[in-house]
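*Asks:* Sequence:
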Amino acid sequence: MMPNPRLAARYAKSILDLSIEKGELEEVYKDMLLLQDTFRSSHELVNLLRSPIIKADKKGKILDAIFAAKISSLTRAFITLLLNKEREGNLPEIAVAFVQQYKDYKGISVVKLTTAVPVSDDIKQALLQKLRTERQLQQIELDTDVRQELIGGFILEIGDQRIDTSVAFELNNIRKQFQNNDFIYKIR
1 MMPNPRLAAR
11 YAKSILDLSI
21 EKGELEEVYK
31 DMLLLQDTFR
41 SSHELVNLLR
51 SPIIKADKKG
61 KILDAIFAAK
71 ISSLTRAFIT
81 LLLNKEREGN
91 LPEIAVAFVQ
101 QYKDYKGISV
111 VKLTTAVPVS
121 DDIKQALLQK
131 LRTERQLQQI
141 ELDTDVRQEL
151 IGGFILEIGD
161 QRIDTSVAFE
171 LNNIRKQFQN
181 NDFIYKIR
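Using full-length UniProt numbering, you'd call the opening residue of the sequence shown number 1 and step up by one each time.
Hints were generated in silico from the structure; no laboratory data involved.
Treat the hints with care, as some may be off.
As the list claims (entries may be wrong) - Computed spacing ranges between beta-carbons, pair by pair:
| hint | residue 1 | residue 2 | range |
| --- | --- | --- | --- |
| 1 | Ile-158 | Asp-57 | 18 to 24 Å |
| 2 | Tyr-105 | Ala-68 | 23 to 29 Å |
| 3 | Glu-170 | Val-119 | 15 to 21 Å |
Said to hold, decoys possible - Okay, derived cross-link-like pairs now, DSS-like style, lysine-lysine, Cα gap no bigger than 25 Å in a straight line:
| hint | residue 1 | residue 2 |
| --- | --- | --- |
| 4 | Lys-61 | Lys-30 |
| 5 | Lys-22 | Lys-103 |
| 6 | Lys-30 | Lys-103 |
| 7 | Lys-103 | Lys-130 |
| 8 | Lys-85 | Lys-70 |
| 9 | Lys-13 | Lys-85 |
Beta carbons are placed, not taken as given, at the ideal position from N, Cα and C, and that holds for glycine.
Using the sequences and the hints, build the whole thing.
*Replies:* So, in structure tokens, the structure goes:
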């Protein structure tokens, strides 16, 4: 079964709307975070859900064994609906789509900061303050990552915008300039 982002978005929207209507948005959000994290860490479970060989009732029992005590009754009912409609293979994408739609609904901006070395809490707070004032972002979820191959500098991703000030990026630009400069090649 191939991932279907449009289908995932529709199902995510339906559970988002229902959870808002029932006043259970925060509970369902926590459930979807749990599902998302579980699917990211267990490719075997994702493969099991997408397997055409394993029957839906068996998949339901496995999901119940894993999640029954950890998720709300609304989320359990939603998973049962997916099983009945034979859409359980889309559950990993639905969880991701739900989390994104939740953040959009709540006005939460996701910002990713990638650096060559870990950044201090003071730098994180200064960055958050700057984003609040210059970008008018009020609720910010800051994800940080360390990649030593950047050598220095940082990469900042805000939505679909990317600001790359890493040393590795600059070195790559210099290398490209040398490769594209015919004069330098003729000297050799």
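*Asks:* Confirm or reject each hint.
*Replies:* Verification of the hints:
1. Range check, Ile-158 to Asp-57: about 44 Å between beta-carbon atoms, so the 18 to 24 Å window is missed.
2. One distance hint, 23 to 29 Å for the beta-carbon pair Tyr-105 and Ala-68, holds here, with the actual separation near 27 Å.
3. Between Glu-170 and Val-119 the CB atoms are about 19 Å apart, so this pair conforms to the stated range of 15 to 21 Å.
4. Taking the CA atoms of Lys-61 and Lys-30, the gap is near 21 Å; set against the 25 Å cutoff, the hint holds.
5. With a C-alpha separation of about 18 Å, the suggested pair Lys-22 and Lys-103 falls inside the 25 Å cut-off, and the hint holds.
6. Between Lys-30 and Lys-103 the alpha-carbon distance is near 12 Å, which keeps this suggested pair within the 25 Å criterion.
7. Restraint check for Lys-103 and Lys-130: the C-alpha separation of about 21 Å stays at or below 25 Å, so the hint holds.
8. Annotation: proposed proximity of Lys-85 to Lys-70 holds, straight-line Cα distance about 23 Å (limit 25 Å).
9. Taking the CA atoms of Lys-13 and Lys-85, the gap is about 17 Å. The hint holds against a cut of 25 Å.
Checked against the numbered hints given earlier, the structure breaks only hint 1 and satisfies all the rest.
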